[in-house]
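J.: Below are the chains, spelled out letter by letter.
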Amino acid sequence: MVIENKDRNWGMVIDTDKCTGCNGCVIACQVENNVPLNDQNKFERGRVMSWMRVERYWEGEFPEVKARFIPIPCQHCANAPCEPVCPVYATYHNNEGMNIQVYNRCVGTRYCANGCPYIVRFFNYWEPIWPEEMRNHLNPDVTVRSRGIMEKCSFCIQRIRRGARKAKEENRELEDGEITTACQDACSTQAITFGDLNDPESKVSKLSKDDRSYTLMPHLNTDPNVIYLASIKENKEEFQEEKANSHD
Amino acid sequence: MKVIVPIIGLGGLSTIAILAILFAGLINAWLGQPLPVLGFEQTFDQPINFPHTKHAGPVTEGGLGMDCTYCHRTVENSSSAHVPAVELCASCHRAIGSENSEELKKLRESAGIYSENNQVIVDPKKASPINWKRVHRLPDHVRFVHSAHINYLTNNPGAIKNIPEHLNIYGKENVLSSEVCSTCHGDVANMEQVHQVEPLKMGQCVNCHRENGGPTDCAACHH
Amino acid sequence: MKLNRREFLTLSGKSAAGAVLFAACSIPEKELIVQSPVDMPEDLVRGVDQWYATNWSEGAPGDGILVRVMEGRIKKIKGNPDHPITREGSRTIYDTALQVHYNPDRLNTYKVRRSKKGILSNTSEAEANKLIFEATKKNKKIVIVTNPTKSTSGWVSKKFVQSRGGRYLTYDPLDQYNLYDALNDLFGSYDLPIIDISNSENVLSFGADWIGGWISPAHYSSSYGKLRSENRGFFAHVEPRHSITSAAADTWLSPFPGTEAEIALSIANVIINEKLVSDQQISDFLKIFPDGKIEYGYNPSDVEKRTGVSADKIVEIARKISKGKSVVFAGGSTSAYTNGKYNTFVIYALNFLLGSVGKEGGIILNPKVEVDYIDGSNKSNSIKDWQEELAQWRAGYVDTVIIKGVDLVYSMPNSLDVKGALANVENVISFGTSMNETLEASDIIIPETTFFQDWGAEIPNPLPGFKTISLQQPVVTKNSPGTKSTSSYVDKIIELESSLGSSAKSLVKKIFDNEFNDSDNGGSVKAGDKGGFLNGVQQRGGFWNIKQTSDQKTPRLKNPFKHSIENTFSTTNDSNEFHLIPFTNYLNNGKLANIPFAQQIPDPITSAAWQTWVEINSHQAEEMGIKEGDIIYLKSDAGEIQCLAYPHPAVQPNTICVPTGQGTLRGGRYSEERGSNLLKILSDKLDPETGSLAWASTKVSVKRAGGNKKFPKFEGTVEAFPIEPGFPILIVAPGETAHEAEKKNHHKYQEKLNLIEKDKNNNHNGISSEKN
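Residue numbers (numbering that gives the first Met the number 0), protein chains in the order written: chain D, 0 to 247; chain L, 0 to 222; chain V, 0 to 771.
By construction, these hints were calculated from the structure, which means they are not laboratory data. Heads up, a few of these hints could be off.
[What the hints assert, rightly or not] Some chain D residues well away from chain L (every beta-carbon gap over 12 angstroms; in silico): (1) Y110; (2) Y124; (3) M133; (4) S212; (5) T214; (6) D222; (7) K232.
[Stated by the list, open to error] Derived SDA-like pairs: lysine to any residue, alpha-carbon spacing no greater than 20 angstroms straight-line: (8) K139(V) to Q161(V); (9) K104(L) to R93(L); (10) K483(V) to N135(D); (11) K116(V) to A394(V); (12) K483(V) to V68(V); (13) K165(D) to V47(V); (14) K232(D) to K225(V); (15) K65(D) to S309(V); (16) K167(D) to P214(L); (17) K483(V) to M69(V); (18) K319(V) to E63(D); (19) K200(L) to Y102(D); (20) K200(L) to R104(D); (21) K132(L) to Q34(V); (22) K225(V) to L206(D); (23) K167(D) to D48(V); (24) K292(V) to S277(V); (25) K167(D) to E172(L); (26) K232(D) to P733(V); (27) K312(V) to V64(D); (28) K160(L) to V196(L); (29) K165(D) to N150(L); (30) K165(D) to A147(L); (31) K509(V) to E494(V); (32) K232(D) to K319(V).
Even for Gly, the Cβ is constructed at its ideal location relative to N, Cα and C.
Please build the complete structure, drawing on both the sequences and the hints.
T.: Rendered as C-alpha cells:
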C-alpha cells in the first residue's frame, strides 16, 4: 500500500512535426507550476524563467525562409549531469525516472544550472511578486518558491501524485493517458504525449520507438526521458534530388 | 591622532549599534516565532473556546461521543481535514445549548442566530466567519494529504499510535476513520484546549514512513 | 526546558537567519488562521479540485473550456475535449483570463462623473442605479455598443434598444467585415462556413493566421494536428507576413500585399490549362467570370512579376491541390485591403474549381441557427456605418450610449474622433472589468462580472458544421474571493426593462428548456426531463446536434469584377515608404494588455514581450543601418508612433510588421506607458465596395530616432545548441528514419569541419540557429 507500488519511468514524446510554436505549453506550465511572472526587466537581462520554452530556429533566407520551433522542458536525463554536482543532494533521481528538485534543500549554488547542457534549470534571482489578488489563482498543489532557489520542470509531479492517489483510493492500476501534464493539455495539435516508458503498451513507449524518434545531444550520453520526433520535410522531389547528389 | 580618535569612537559606536541591532533581531526572531520552537504543547486562546471534550469526549466521561468526521467531514477524501462552516455549528446550536453561555453567544452572533417573539431566526446576512487559530501547521513546502493517511491507517490499525484509553481497537483489521487521528493529533477528545502533541517534523514523518513502507522519496511530499 | 540536538540546530538556524533578516522570515500572521466560512458551498471540499465546463467569451467564438476551481478560486483553464469547437484544441490565451478575473486593477466600485467636465468619483450602487435608470428611460434615444457576439447578451442588447427605439452596433478592431460580405455573395449566408482541415489532404490558405489567432484558433489548430497525423497532408500558406501559420506551412509564399487574388487566379489558370480537374468543375468556376473565362495575363510567369511569388511554386501548388481532398480559404490581412472583398471572393471561389464545397475535407456550410433569447451578429459594423453613427452622436441626437466589451476610444481609427463624439453624448454608461480609455471617457462606470461569474449562452462562430449552443455558467460566485461588488451586464439591462425576463439565469434556462422540447433526444444530451437536460448541458458545456446540418445548397454567385480589383495604399509622400502589416498577438488588440500573463508570453517569431516592436527584413535593416533595439518612428498619413526594431530574415523587403495591443493611455499598472498604439496610425482607407476599414492598406515611412534600447526578448536567455546541423530540430524526409538523418547530418558536419580547417578565418559553425 504505497504509492510507488510499481517502478515507473515517466517519459514524454514531443512531435516537432506537429509543433506550431504557439507557446500554449509555455503559459500553461507557468500557470500550473506557479512560475513567477517575467517582467520586462527579466526579459532585458536575460533572466526569464520558463520551465517549458519554445526555441525558434531560422532556416534559409527570404523567400525560402522558415522558422522552426522546438519545445524544450527538463529532459529528465537518466544520466543527469546536474545530479552529481549538487553539494546538498537537492537534486536527485527518483525511482519513477524523474529528476527531482527539492526546494527546501536547495541552497542556491547554481552548480546544477552550470552542469545542464540543455539549460532548463532556472534560478530565482528575485523574490517572486504576486499581487494580493493574483495569489488567488496560484496552484495550491505546488510550492511557491522564494528567492535563491533553483527550479525546473517537474513533469507536473503534483498531477502524477494526485492521479496515483486517486487510482489507489479506487483500488486500481493507473491507466495509460490518465495523467496528463499541463503542457500536454494545452497543446492544441497533440504534439506532446506523456506516460510510462516502462509500460510497453503505453502510447508514449510506442511513440518513443518510432522511426522518427531521437534525443537531444545524444553524444553526451545523458539518456533523456524526453524523446523528440523529427519534423518531416515535405518536398519529395527536392529530397530525391538531394539523395541522388549525395550518392555521387 | 586627531584623525584616529574620532574614527575609533565612530567605529566603536557603530559596532555597538550593529550588535544592538543583531541582538534585537535575535530577540525578535526568538519571540517572533509564531509556533513555539521549544515545547510545542503550547495552547492558543481561540475566538470561541470550543470544548472538544464536550463534543467528542467519550460518553462515559460526560461527552457526546461525536465522531470526528461529523465536523471534519472531508478528511477521508481530501487533503485537508476541513474546519466546519459556522452553518454546521448552527444546525445544532440554534436549538441546543444554554442561553447564557458566553461562548455560545459568540457562536450565535457568528452564525446570525437570534430569537424574536419566541422564534429562533437564522439570518445568514448577519453571519460572519470565525477566524480560528491554526494549531497544526506544516511549512509551505510540504504537501500533506489527509485522505491517503486515513486510508492507510484504517486498513492497517497496527500503525496507529497514541491510542486513547477509551478506544478499543486492538486486534481489529479495519477501524473507523475517527479512530486513527490520534497518531498525529493525540487524544483530542480529551483536550480542554487543543494543542500539538507530536513534533510533526520531517524526522517523525520519515520514521513512520520507514516503519510502514511508505514512500521516502523527497518528491512524495516536497514538490 | 528540554532541548535535543536536532531542535537546538533548528533553533540556532532560525535565530541566526532571523537575526540577519531581522525576523523577516517569520510566518505571516494570516497563514496561522483557519477561517471557517459561514456557509459551505456544496461543491467546496478543501484540497479537492472541481472542473466545470463553460464557455470562453473573452472576445472569442464560443470555445468550450474546462475551468479548474479549488477552494472557491479559479486555478486553471483548458480546452474542453468534449466540445465540438475546441475538441482536443486549446488557445494560448486561455489562462490569461485568470488574471482578467484576479487583477489588481479590477474595478470593484461604481464610478460616476457628475458633470461633463468633472472627474470620475466612486459612488454607491444605489446612486449609480438611480442615474442609470434616469438615463435609460422610455423617451431617451439609446445606442448600445458591444463587441460582435451572438449570445444572450446580444439578444438583451437588441431587445433593449428595440424597446427604446434605439440602435445596437458592434465594433471590433482589425475586423473581418469583407470576409463575411464576400462569403455572403458566394454562399448566400453571413454565417461563416467551417473549413474541414482535419479531413483534408491539401490545404491552401491566404492571409489568415489560423493557427495563431484567426476566427477560431482552438478549432483550427487542433485541425492542424490532425492534418499532420498519419497521412500527412500538404499545406501551403500565402501571407506577406511570416506568422506561425506561415512557419507551419510546407510552402510559404510571400506576395506583395494586395496581390493575393492574382495568385489564386494564376493557380486556377494552371489547373484549367492543364485540365487537372473535371470539365464540370471548370465550368462551375468559370461561371463567375464575365465571359465565362479568366482574362489573359494570369499565367504564372506574368503573375510572378506582379506578386513576387515564383511561378514554379504556383504551378507546383496548382498541381498538388488538384489531387485529392483540397480546401482553399482566406482571411486576415488578405480581406483587409481596399480590394479585400475581391481577394476573398476570388480565393474562396477556387473551391468550386476544386469541387470542395460542401464535401468532407473541404468547405462545409453551416446551418442557420435561430434560437430564442440568442441574437446579435458576429460581423461588426463597418467603418462607414460608424462614420454615420458618430455624426449622430456629435450632433447630440443620442441621449445615452451603453458600451460593453469594446474599448472604442483606444481601438477606433484616429479619423473617427470617437472621444469627441462621446463628449457630445449626454450619458455614456460603460461596463468594464478594469479601466480603459473608453471607461475614462464615460459618465457612469459599472464594474462588470467576468464570464466566470455569469450565466449565458453563445452560438459559436463558425459553427462546427452543425447546430451548437455553448453554455456559460458561473464557476465562482459574484462576490468570491478576489472580486467584489460586480454586476452582470445581462442582469443589469434586464433590471432596466423588466419585460425582457427576470435574470440571465432564467434566459439560459428558457433556451435549454426549448431545446429539450425540440430535440427529441437527438443531440448531445439525453434526459427524461428539463432539469436533467439542463444538468447534462452543464456537464458537457453546451448542447449540439450533429444531425442538424446545412443542406449544402448550390450557392449563389455574383460577379466579383465589379469590386475594386486594385489595392490602393495610403501614402505619406515619403521616398522611404514601407507596407505596414498589422497583426494581432496575445494581447488580443489591447483587450489583454493589462494581463501580465499575456504580456510576458514571448511572441513566437521574435520572442519579444512587453513592447511594441517592428519586424523588418534583416538585409534591408542592415542597408539602412538599423540594428535590433533601435528606436524607430513609423509615420503614416494618420499619425506617428515609436517602436523598437527587430530585424529578422523572414520579412518581405519593403514591408514591416507591427503588433497591436500596446500603448493604452489608461489601462492599469501593466499596460500604461508601455509601447505604442498601432491602431491609431492606421490610415482611414476603406474598401469602397463594403465601407470596411482596409487595415492592411497603410503605408508608413520608417525613420530612426537615434536611440537604442535593450530589446526585451526571450531569445538569447538560453544558448542555442552549438551542435551539428539539423539539430536540435531534426528534419527527415518522408520514409526516412531519424537515425539515417542523423548520420547524414553528421556526414555534412564532418565536411564542414574539414572546410573550417582549410580556412580558419572563416570560422562559422554552420548552423542556422538563433543568434545569441
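J.: If a hint holds in the structure, say so; if it does not, say that too.
T.: Verification of the supplied hints:
no., hint, in the structure
1, Y110, "holds (18 angstroms)"
2, Y124, "holds (19 angstroms)"
3, M133, "holds (17 angstroms)"
4, S212, "holds (27 angstroms)"
5, T214, "holds (23 angstroms)"
6, D222, "holds (20 angstroms)"
7, K232, "holds (40 angstroms)"
8, K139(V) to Q161(V), "holds (12 angstroms)"
9, K104(L) to R93(L), "holds (11 angstroms)"
10, K483(V) to N135(D), "holds (14 angstroms)"
11, K116(V) to A394(V), "holds (18 angstroms)"
12, K483(V) to V68(V), "holds (18 angstroms)"
13, K165(D) to V47(V), "holds (11 angstroms)"
14, K232(D) to K225(V), "holds (17 angstroms)"
15, K65(D) to S309(V), "holds (16 angstroms)"
16, K167(D) to P214(L), "holds (14 angstroms)"
17, K483(V) to M69(V), "holds (18 angstroms)"
18, K319(V) to E63(D), "holds (19 angstroms)"
19, K200(L) to Y102(D), "holds (17 angstroms)"
20, K200(L) to R104(D), "holds (15 angstroms)"
21, K132(L) to Q34(V), "holds (8 angstroms)"
22, K225(V) to L206(D), "holds (16 angstroms)"
23, K167(D) to D48(V), "holds (17 angstroms)"
24, K292(V) to S277(V), "holds (16 angstroms)"
25, K167(D) to E172(L), "holds (19 angstroms)"
26, K232(D) to P733(V), "holds (7 angstroms)"
27, K312(V) to V64(D), "holds (14 angstroms)"
28, K160(L) to V196(L), "holds (12 angstroms)"
29, K165(D) to N150(L), "holds (12 angstroms)"
30, K165(D) to A147(L), "holds (9 angstroms)"
31, K509(V) to E494(V), "holds (18 angstroms)"
32, K232(D) to K319(V), "holds (16 angstroms)"
The earlier numbered hints are all upheld by this structure, with none contradicted.
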